Structures are given as C-alpha cells and as structure tokens.
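Student: Line by line, the protein sequences give chains Z and G.
The first sequence maps to residues 1009 to 1255 in our numbering.
The second sequence maps to residues 1009 to 1255 in our numbering.
Cβ-Cβ distance ranges computed for the label pairs, FRET-style: (1) Z:Gln1232 / G:Ser1170: 26 to 32 Å; (2) G:Asn1077 / Z:Gln1074: 36 to 42 Å; (3) Z:Gln1225 / G:Gly1238: 40 to 46 Å.
Here are the simulated lysine-lysine pairs, DSS-like style, with alpha carbons at most 30 Å apart: (4) G:Lys1103 / Z:Lys1138; (5) G:Lys1070 / G:Lys1196; (6) Z:Lys1196 / Z:Lys1229; (7) G:Lys1111 / Z:Lys1103; (8) G:Lys1111 / Z:Lys1070; (9) G:Lys1218 / G:Lys1251; (10) G:Lys1111 / G:Lys1218; (11) Z:Lys1070 / G:Lys1103; (12) Z:Lys1080 / G:Lys1111; (13) G:Lys1103 / Z:Lys1111; (14) Z:Lys1103 / G:Lys1080.
Think of the hints as simulated: they come from the structure by calculation, not from any bench.
If you're wondering where the values come from, they're calculated on a predicted model, not measured in any experiment.
C-beta: ideal position from N, C-alpha, C; glycine also.
Number of protein chains: 2
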Amino acid sequence: MNSILITGCNRGLGLGLIKSFLKLPTPPRHVIATCRNLQQAEELKSLAEQHSNLHVLQIDLKAIDQYENFAKEVETIVQDNGLNVLFNNAGVSPKSTRLNFTKSEDLTDTFMTNVVAPIMLTKALVPLLKQAAEANASAPIGPTKACIVNMSSILGSIEANSDGGLYAYRTSKSALNSATKSMSIDLKGNGIMAVALHPGWVRTDMGGSKAPLSVEQSCAKMVQTVMGLGEKQNGAFLQYDGKGLPW
Amino acid sequence: MNSILITGCNRGLGLGLIKSFLKLPTPPRHVIATCRNLQQAEELKSLAEQHSNLHVLQIDLKAIDQYENFAKEVETIVQDNGLNVLFNNAGVSPKSTRLNFTKSEDLTDTFMTNVVAPIMLTKALVPLLKQAAEANASAPIGPTKACIVNMSSILGSIEANSDGGLYAYRTSKSALNSATKSMSIDLKGNGIMAVALHPGWVRTDMGGSKAPLSVEQSCAKMVQTVMGLGEKQNGAFLQYDGKGLPW
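Chain Z on its own, in the form it takes in the complex (with noise of 0.2 Å):
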C-alpha cells in the first residue's frame, strides 16, 4: 500500500489506527492523518516529528465547503499514485438515549459527522482513489488498489440490536452501513472496494473504561483487517478482527 487517509486522528481509535499503520513491517509511504484542531492534536504532531512518512492535515470535516480544496492538499502528496485507502473514522456519540430523551438536534448533528462527512469526503477524494487503482491496475482488489472503509459500530446492526434505545448513534451507523452497500456498487466497476468495519467495544471516551479491548488491541486487528482485504469483502459489515456482522 502506498498511502493511505484517516480522519479523526487526534485521539481514540483515529491516533490509535495511525500508530497501527505506522508500525507494520513495511508501512505505507504516506500516512495521512485529519484533525480538526492542529493545536490539540499534540501526539498526532510529535508522531510527525519522528515518522516522515506521516502527514497531519488539518479540516473540520463539517466544513463540506472546503473538501474540494482538501483533496487537492492530499494529491501534493500522494502526486501521481493517487490514495489506496480512506478510512472515514471520525465520528461522534451523543448520549441522548431512550425515546423520550432523543432531541432532533442530536439526530441531526450525529448524521452530519457520521453519514453526510464521510459520504462528500469520498465522493471528493473519488479521483485520487480511481487514480490508485488505475496505477495499480494489474493489482487484485483490495488496499493495495483502492479501498474504502467506514467506521461503523454493532450498535448500527439493525439484525443485533437487542437493548434498543441510542437513535442518534443507531440511524446514524445504519444509515452509513448504507451508503457503505451503495459505494461498494457504485464503485467496483472502478477498481475501489468499500466496507463497513465495527471496532469491537474498545477502551475510548466513547466506549468507557469498562471495554474489553485495549485501544492498541481493536486497531492492530483492525489493520490486519485493512491489509487482508480482498473481493469476496467488498460491500461487508466486518468487525475488527474480520468477522462478518448481520446488517
């Protein structure tokens, strides 16, 4: 894999994936981490500092205005190659919970981080991922191509949902297990293969101290995951560790 682009890298599973990737046997030639705020995202930039591979690029992904001009800062970077692999990560959990709780601002905001972003940051970055796989053509499908993958949760299962409750959090990781299914359509005829990939209950602010699974733990698998990805996974709902999850 020659480059690939994570959003929501200043902490979580976004810096933790970037250290994942930074550490492979043979890592890509160009990592590319998103922050929204450059100033607090001291650890991504002390990572710069010893990784030259690594590149942190600054934009607040509610900002849909500004993506055109984002994915001309990443083609400087990966020039002619084009980008092999968007891993759309950054996302948000408001804690309205049962029915009677939910507000329509918390629908509406969680939709716009968690669907909206990662459907334009795509569709901008198309060309540089059609780029990848044509400059890889002789590749099979998968990250060494063009890949997409979305950061979805069990909680978007719709199939395993057994405790109810969290419609912001819910509708918004059903809605982009949906536009994940479309994409891998949408796409394959060029070259760029999309998944939908569930973290597993990880030790975030968003999954609490009680989580199983250690930070480090989630996104080592999570990239094995990445890097073993192939044709019979385009359009899948896959955990961590590769698993296949019901929609």
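The hints should help you fit chain G onto chain Z, whose structure is shown.
Tutor: Relative to the frame of chain Z, chain G by itself:
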C-alpha cells in the same frame, strides 16, 4: 381499532391508506389524516365531508417545535381512549442517484423528513399510544392495542441493495428501520409495538408509471397487514402483503 393517525395524506400512498381504512367493514372510529397544506388537499377535504370519522389536520412535519401542540389537537379527537395506530407515512425522495451527483443538502433534508420527523412525532405521541395500550390492556399486542408503523422501503434494505446509488433515500430508510427496531424494544413494556413497512413498487409520483402495483392494490394489502399485526411481528421489516424482508 378505535383510532389511527396517518401522516402525509394529501396524495399518493397516504391518501390511498386513508381511503382503504375508511372502506374497512368496521372502520376506525377516528381516522386522522395529516397534510402540510390544507388548501392543496382537495380530495382529502371532500372525503372528510362524506366521512364524519375522518379528521384532517394540517401540520408541516419539519416544524418539530409544533409537535407538542399537535399532540394536544390529536388528544381532543381521541380523548381518553388514546391513539391506537401511528402510521408515519410522510416522506420524500430526492432525485440524486450516483455518488458523483450526491448533494449534502439532499442527504440532510431527506434525513430530516424521513427519519427525524417520524422519531420526534412518535416521541410526541407516545403518551397517547400508551393511553390506548392501557385502555385496551386485555387486548393482544397489535392494532387494537397500540402500534407504530413506519413507512420504509425495500431501498432501505442494505442486504437487498444490488443496484447501489440513491444515497439520500437509502440512508434515510435504513436509518428509519434502525429507529423502528429501537422503538420496538423501548416501548414493548408499554404494550406498544413497532414495525417497518415496505409498500411495494407502486405507481405514485415516487414510484413512477412503470410500477406493477396500483396505489389501491398496495394500500389494501398494507391495511390488511396492519390489521393483522401481532406480537410476532414486533420489530419486523415487512412488505405490503406481510412478507418479511431482510435488513
């Protein structure tokens, strides 16, 4: 069934559903039809002149701050018996198709009408649904007790998506399915059930002229399916004739 409320009734499936419920051998004592603009709802108004059990209420479902007042209007109609069935039918379908033509405004507007509105309207009407469930405590789970029916679409099925595209519409209906499942769990203890319903491919403005089902055919089947709902269907995704669909 004592009372049913259906949203988006000035044309298409909403109007068809109203006609089908009014045609039942024993029609509901109160059929409440909502429309955005009373002045444009000629057919609905003329139906109301012929059927004293039909109440036409005007509400712009995007005005969520009006829902509490709206619930009071509904209460003056159904009184102490509460509301047996809430049928969230109103919806939009923007024209955008492939990723390259997807607009963020289409995604957010569609989510607002197809997901946020039915969730928030359900929240506002839950007290009346609870009242109906309590007033019919000895009745089996179903429409004689209290039901939420959310108008979904097979296009919201992630599993059945083999054509891709339609990001705004598909994500909204997958998200609505996700919310339906949570409602079916959250409200079960109150004797209120929830299902997602696919109307089939129908000759409406949305379905186009090549669709195999007429509005009358689809609505007659949907009414039959709603009247036959029971505990077994709680949290299910059904098509017009009651057949189960994959998420």
